[in-house]
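**Q** For the first sequence, my numbering assigns the number 1 to the initial residue and increments by one for each residue that follows.
Please note that a few of the clues may not be correct.
[Claimed, not checked] Quick list of in silico lysine-lysine cross-link-like pairs, DSBU-like style, CA-CA up to 30 Å:
#1 K2 / K102
#2 K2 / K76
#3 K2 / K123
#4 K102 / K123
#5 K76 / K123
Quick caveat, the hints were computed from the structure, so don't treat them as lab data.
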Amino acid sequence: MKTEPDAFSLEDLRQRGREPWEGIRNYQARNFLRGMRIGDGVFIYHSRVAAPGIVGTAEVVTTAYPDPTQFDPQSKYYDAASSLARPRWDLVDVAYRHTLAKPFPLERLRALPEFADSPLVRKGNRLSIVPITANQWDRVLQPAR
DNA sequence: GCCAACGTTGGC
DNA sequence: GCCAACGTTGGC
């Protein structure tokens with residue numbers, strides 16, 4: 001899951017403990033949210049910074065449910081086309097798990113065969129939620145060699 | 001801050 | 001249903 005740390009960082013998540021991951025307004029990303037299960041591991045990725053990359057991990061603690069901000073006219077995530085009867089956007093709650101001793105930069109992810117097919121490293125990718133594999137999980141979290 | 005790449009919108 | 005215009009994302 002990507003986030004701009006200026007808006008919401010891994011450190012913010014650590015301090016809050018858990019957080020509803022609101023504001024996803026992309027259908028493909030929403031569908032990935034709907035596929036999440038409680039207990040799933042999450043990489044937290046910082047984008048739009050000098051050295052973008054994975055900075056830590058979190059855990060999915062709810063299944064997908066309607067994102068309340070879509071109904072709130074005061075919210076920047078408000079969607080007038082959505083309704084309580086037919087919500088358009090979902091979210092999951094995530095809980096902080098771990099901060100990497102050293103961030104794993106995009107530059108290094110690009111070099112890994114495990115990530116060769118990942119949208120995460122694809123030029124022009126704008127998906128803020130990207131599925132990951134067990135191999136990718138292990139590769140990023142294995143101790144440095 | 002720039003701008004390529006992308007998803008969405010809306011006129012036709 | 002096409003596709004130009006638009007707004008946004010995100011690496012650099």
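**Q** Which of the listed hints are not met by the structure?
**A** none
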